[in-house]
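So the sequences go chain by chain: A and B. Residue 8 in numbering that gives the first Met the number 0 is what sits at position 9 of the first sequence, and the numbering runs on without skipping anything. Residue 219 in numbering that gives the first Met the number 0 is what sits at position 220 of the second sequence, and the numbering runs on without skipping anything.
Treat each hint with caution, since some may be false.
Unchecked claim - Facing chain B, from chain A, some residues (calculated, C-beta under 10 Å):
1) VAL70
2) GLY78
3) GLY105
4) ARG120
These are computed hints drawn from the structure, not numbers from a lab. Treat the numbers as computed from the prediction; the structure is a model and nothing was measured. The C-beta atom is built at its ideal place from N, Cα and C for all residues, glycine as well.
Listed below, chain by chain, are the residues.
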Amino acid sequence: MPRAIALSSRDSLLTKANVVASLCILAVIVIAFAVLIDGMLSGVAEGNKLIALVHDSDGMVYELPLDADTVLEVSTSEGSNTIVVQNGEVFVSEADCEGQDCIHQGKLSTTTSQIVCLPHRLWIEVLAQDGAADDGSALDVISR
Amino acid sequence: MCIAGKHIACVGMAVMLSVSVTLSGCVDAHNDTSVGERAAGAEPSDKEMGAEAESNQEPLTETAFLFDTVISLTAYCDQEVMDAALSRCAYFEDHFSRTKEGSDVWRINEANGTPVAVAPETAEVIEEGLAYGERTEGLFDITIGAVSSLWDFKEGIRPADAEIQAALPHIDYTRVTVANNMVQLDDPDAMLDLGGIAKGYIADDLAQLFREHGCESAIINLGGNVYVVGAKPDGSPWNVGVQDPNAPTDAGVIAVRPSIDGSVVTSGLYERFFEEDGMRYHHILDPRTGYPVKTDLLSASVATPSSVEGDVLATWMFLLGHDAALEYLNEQGEIEGLVMDLDGAITATEGSGFTLR
Chain A
0 MPRAIALSSR
10 DSLLTKANVV
20 ASLCILAVIV
30 IAFAVLIDGM
40 LSGVAEGNKL
50 IALVHDSDGM
60 VYELPLDADT
70 VLEVSTSEGS
80 NTIVVQNGEV
90 FVSEADCEGQ
100 DCIHQGKLST
110 TTSQIVCLPH
120 RLWIEVLAQD
130 GAADDGSALD
140 VISR
Chain B
0 MCIAGKHIAC
10 VGMAVMLSVS
20 VTLSGCVDAH
30 NDTSVGERAA
40 GAEPSDKEMG
50 AEAESNQEPL
60 TETAFLFDTV
70 ISLTAYCDQE
80 VMDAALSRCA
90 YFEDHFSRTK
100 EGSDVWRINE
110 ANGTPVAVAP
120 ETAEVIEEGL
130 AYGERTEGLF
140 DITIGAVSSL
150 WDFKEGIRPA
160 DAEIQAALPH
170 IDYTRVTVAN
180 NMVQLDDPDA
190 MLDLGGIAKG
200 YIADDLAQLF
210 REHGCESAII
220 NLGGNVYVVG
230 AKPDGSPWNV
240 GVQDPNAPTD
250 AGVIAVRPSI
260 DGSVVTSGLY
270 ERFFEEDGMR
280 YHHILDPRTG
290 YPVKTDLLSA
300 SVATPSSVEG
310 DVLATWMFLL
320 GHDAALEYLN
330 EQGEIEGLVM
340 DLDGAITATE
350 GSGFTLR
């Protein structure tokens with residue numbers, strides 16, 4: 000009889016409703032934790048991180064991750080180009096070449112084509128960090 | 000007392016189990032090859048694989064500034080073959096360039112009407128160009144050089160009308176003689192310009208080079224003049240996109256033409272142009288007027304087994320205009336076309352493999 004009373008006094012805290020509620024809260028915490036970890040790792044794990052490579056006429060290659068906004072000025076004996084990474088895209092914002100073709104070529108965000116400044120022999124391509132050229136754009140080449 | 004213990008133990012185990020399952024799912028997919036390796040291209044295993052270099056390797060890519068544009072060769076084969084292909088490109092640059100001093104075309108243009116000895120490839124591409132002159136009734140004319148040399152679409156230089164009028168009579172493909180690898184311009188003031196045919200011819204040549212070296216899977220991209228050799232290593236077709244004229248970035252394509260062993264050449268007014276006093280001057284000149292052709296097309300793409308054919312036709316379509324272009328293309332068995340009009344309407348030939356996006 001005393002044992003029964005002792006049990007029920009402990010049990011009063013651990014009623015079915017209390018246990019279910021506790022489990023639910025724990026489940027939410029676990030799921031939230033899992034999502035947080037998944038989010039932190041997935042950018043690297045899935046290999047979709049895109050990097051712009053800027054090649055200049057001196058053979059230098061600058062690596063600009065597309066997920067970090069930045070401005071890069073490249074000057075060689077051929078001339079100067081200002082390369083911008085913004086909102087996951089890379090483009091040339093300024094250049095001191097006559098034709099300004101590189102600026103008209105617009106913005107790159109996938110691996111399929113390039114931006115080229117012919118007079119400065121500078122060109123920009125985008126690659127996916129895991130080494131594959133395929134970033135899900137599904138195109139292999141563009142006829143233009 | 001055990002009941003409370005059991006509950007806590009169960010919940011504890013459930014938490015540990017959930018967390019470990021979730022974490023294991025996240026972590027094992029991480030596989031990070033450095034970008035530097037990929038950019039360098041070559042992998043040691045390629046050399047051993049030789050002609051069978053197909054299955055799981057990464058392709059090699061070479062990019063160069065040639066033919067007044069940027070070219071890109073991507074192929075599943077040895078570095079040796081890539082080097083041979085680049086050498087071959089340099090060879091063509093040395094022979095076909097109108098502006099490179101000492102090239103075959105340069106020497107022909109400077110010869111004042113005397114016969115000039117040229118490489119067999121030069122003789123061949125000129126003969127093909129002249130044949131297209133006849134087929135297009137002069138709307139495609141490789142002697143357009145007398146006029147095209149007056150324009151500079153990069154610097155935005157437009158000749159005076161008097162200069163154009165003076166040059167026009169010298170555009171006449173019927174006044175060129177080719178025999179035994181000798182080329183003679185019957186008109187000493189005539190000039191050759193192979194700009195409308197060279198890339199197609201070179202793409203066909205490079206495709207043959209890749210195949211002869213056992214490379215059966217490659218993309219040849221000469222400034223947008225595309226030839227795909229074979230299929231991808233897994234047998235699926237290469238997905239060749241067609242540039243959206245109104246969105247000159249890689250995100251803008253108007254159509255896709257899945258291709259195995261074939262060429263897709265696109266010409267567009269948007270490729271090279273300049274504006275002056277509110278007028279836009281694009282680079283597709285009309286041999287009849289010496290000025291940019293007045294046309295209702297903005298872009299024309301031609302898919303063919305032969306890239307030289309695609310190159311010429313893509314230009315010719317602008318001179319034909321929408322209706323005549325589609326009529327002609329629809330009559331050709333192995334050729335497919337896709338045109339975009341100035342108003343944005345897109346039309347493909349019947350039964351073509353172009354899928355609009």
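Hint check:
no. : hint   : verdict
1   : VAL70  : 19 Å, violated
2   : GLY78  : 13 Å, violated
3   : GLY105 : 3 Å, holds
4   : ARG120 : 6 Å, holds
Hints 1, 2 from the earlier list are contradicted by this structure; the remaining hints agree with it.
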